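Engineer: Keeping the supplied structure of chain A fixed, place chain B upon it in accordance with the hints.
Protein chains: 2
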Amino acid sequence: MKEIIARCRERIEARDSEVLAWKALDWDFVDRQIDKLAMRPMEERGPLFGLPVGIKDIFDTADLPTGYGSAIYERHQPSADAAAVARLRAAGAIILGKTVSTEFAYWKAGPTRNPLDLGRTPGGSSSGSAASVADGMVPLAIGSQTAASTIRPASYCGIVGFKPTQGLISLAGVKALSNSLDTVGVFAKDVAGVALLSGVLAGRPSLMAPAEPGSPPRLALRKFPEWEKVASSALDAVNKAAALAARHGAEVTTDAVPSAFAGLAEIQTSIMACEAARELAHEHRCHFDALSQPLRDLLTQGESISAATYDDACLRRDQCVVEIDSLFGDADALLAPSTLGEAPLFEDGTGDPVMSRAWTLLGLPSITLPCGTGENGLPLGLQIAMRPRHDQQLLAIAAWFEQTLATTP
Amino acid sequence: MKEIIARCRERIEARDSEVLAWKALDWDFVDRQIDKLAMRPMEERGPLFGLPVGIKDIFDTADLPTGYGSAIYERHQPSADAAAVARLRAAGAIILGKTVSTEFAYWKAGPTRNPLDLGRTPGGSSSGSAASVADGMVPLAIGSQTAASTIRPASYCGIVGFKPTQGLISLAGVKALSNSLDTVGVFAKDVAGVALLSGVLAGRPSLMAPAEPGSPPRLALRKFPEWEKVASSALDAVNKAAALAARHGAEVTTDAVPSAFAGLAEIQTSIMACEAARELAHEHRCHFDALSQPLRDLLTQGESISAATYDDACLRRDQCVVEIDSLFGDADALLAPSTLGEAPLFEDGTGDPVMSRAWTLLGLPSITLPCGTGENGLPLGLQIAMRPRHDQQLLAIAAWFEQTLATTP
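The listed protein sequences correspond, in order, to chains A and B. Under this note's numbering, the first residue of the first sequence is numbered 1, with each subsequent residue one higher. Under this note's numbering, the first residue of the second sequence is numbered 1, with each subsequent residue one higher.
Since the hints were made in silico from the structure, they are not lab data. Small disclaimer: the values here were computed from a predicted structure and weren't measured. We put the beta carbon where it would ideally sit given N, CA and C, even for glycine. Treat the hints with care, since some could be wrong.
As the list claims (entries may be wrong) - Quick look at which bits of chain A chain B covers, simulated, 3 or more residues with Cβ under 8 Å:
1. 25-37
2. 103-115
3. 176-188
4. 222-235
5. 282-292
6. 308-320
7. 371-382
Same shape as in the complex, but just chain A (with noise of 0.2 Å):
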């Protein structure tokens, strides 16, 4: 226990002054995690016990500032921790500390840059989460998605991001941006690493060891508008894994998106400008100077837009997620590029989500592998989802990808 914390240490105090990732970090509060952990009975361990775990700073924790990524929680100290920060600590992890977030999970970046490029952005909002697993600074990390803010990070930093099904993690004291999107996130450098962490998150061991697939998996391209924007070169490495997937028994369809999907992304824009405008009311009504302009210029979109237009979007998901096979057809999983292309540069903001909006929206579990680099040798990622609710099996076909990426030339 002592020792992986030190390798930790060490590799924070190295390289956190570049890389920024920290918001908080307090080793006396680490310590004291070690001496009551050491104490715990043998059969009261818990799957994570004596494992480092990263949190992001939108997630209340009763022993460390939680910012929310704003300068209006500067000194905040909540009294309890969020519901998820108990679930690890249950588990036996030791909360290492508070990652960098975007601005209330928003958009405007804090300070953290991408450890493989330190003129580049990690991507948001889990930006801290995303570079510190990335770099080697903590094995395990938590964040959240409300568009596209776990797939994102962990595709530029060259790490697995897994977003579970809508709804299976608790979002107890975790600031809210988007009631009805928001969703825990999680990041490792391995499958296996998201699979424990999201398991003991969600109260589910099934989750925590997913079988191999018994056949290799149907797979199916469904090409959204947005695939218009990806840069040739994560097409590329999407079509090779596509393609290598194929020659290892799966089988493999490519399709434009049927037309009832289209559009997704806007209804997903609008969904999460409205109740960003309602989740924010607080902070609208007493620190409007001390919102970036995006944001406000978020909350003021979000209040423009009518109850007729939100209530229609609503619905329309709703009729997708019912209507979620026709999406999938006879496919087990959907692949697609997880960003536009590398992360851009650090000046230019954490990059575009919007390879993520409409799985997102629908509630889908999805995850990202490492797959290829740019133009720059910067990584690119493998987006996979399934149906909601198949958390362990896209967990299972993650795990076959992984292997299958390794170990063929």
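Structural biologist: Below, chain B alone, put in the same frame as chain A:
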């Protein structure tokens, strides 16, 4: 503005030593709000200008302690207002104080008594909000509903309670019990009051002044299995209201509930237990000994529910929501008793929520209107529900009923 506050204060000082509806009151804070509001330019006064509102003590308030109905949070002082509270303040409301909630909005009653009979319960979990409005201590109050926590106490106390469509009002800063069921609810003495309050909270001016229905409504009594437990006086009251509506031109049909919709009360119970075990993970880990036995039992039960059972329950709900037309048939609105009967004795608990479980599960907007009295002369309620997102139409039908019930002997 000062006059209405003085009247509230007088009533509270006269009565609250017996009714015990308030958890936190701070008259200096009220005076500060009055002073601030007096300086607001006329054009910014807002639709609730100068109106006092009671806030259930599971909503965070930056200026008043927030105890969530549990000794664990006895001295807890949040640093921000819940989003709903912020919207009330932006609309010019005066936060009069915090009202008693059951423990974490679940089972264990607080001290509040039914103002119509101090030997009886006001219902729960929004006990203090319902009792304070019923007793004339405050004209408006907010609460929440996860099973029946708005409809039931409003009915027991003889006032109007309205639970809008699930998801219409932000839950940010509200202590979570069950994220997919929790809904903000509102209390007033008439339909106009709940319309005003819900319109502000949802940011939907269209709700504030519901139009008269163009023609008499089409109404249906769909007899869910739980109707078998309803007291005959409560059934009579609803049947009389339906007959009266028919005399005023409404079309009324009576049927058993379609089989696809039977069993929803049990599904609601499973989802609530499972989600409560997640949401309260921190309290479970750190304060288990300070939880009441019924809450401990709920958390234990929730953790024993398998992933498959929970997933099936959620899928069943999703399916019923999309097929909601087969529940309503040709009807605009459904009618039902609001509760099994009159308010039980105080020592027998806050009453059975079963009459609202199915409709809450489906996210339907529902309202209770005072409707007759039972064996002991205590109020009964008429519960009306409409399709999701038909909140404005529901308020219009409720206003029509209110007038019809009031003007007919």
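Engineer: With reference to the structure, classify each hint as holding or not holding.
Structural biologist: Hint check:
no. : hint    : verdict
1   : 25-37   : violated (count 0)
2   : 103-115 : violated (count 0)
3   : 176-188 : holds (count 3)
4   : 222-235 : violated (count 0)
5   : 282-292 : holds (count 5)
6   : 308-320 : holds (count 5)
7   : 371-382 : violated (count 0)
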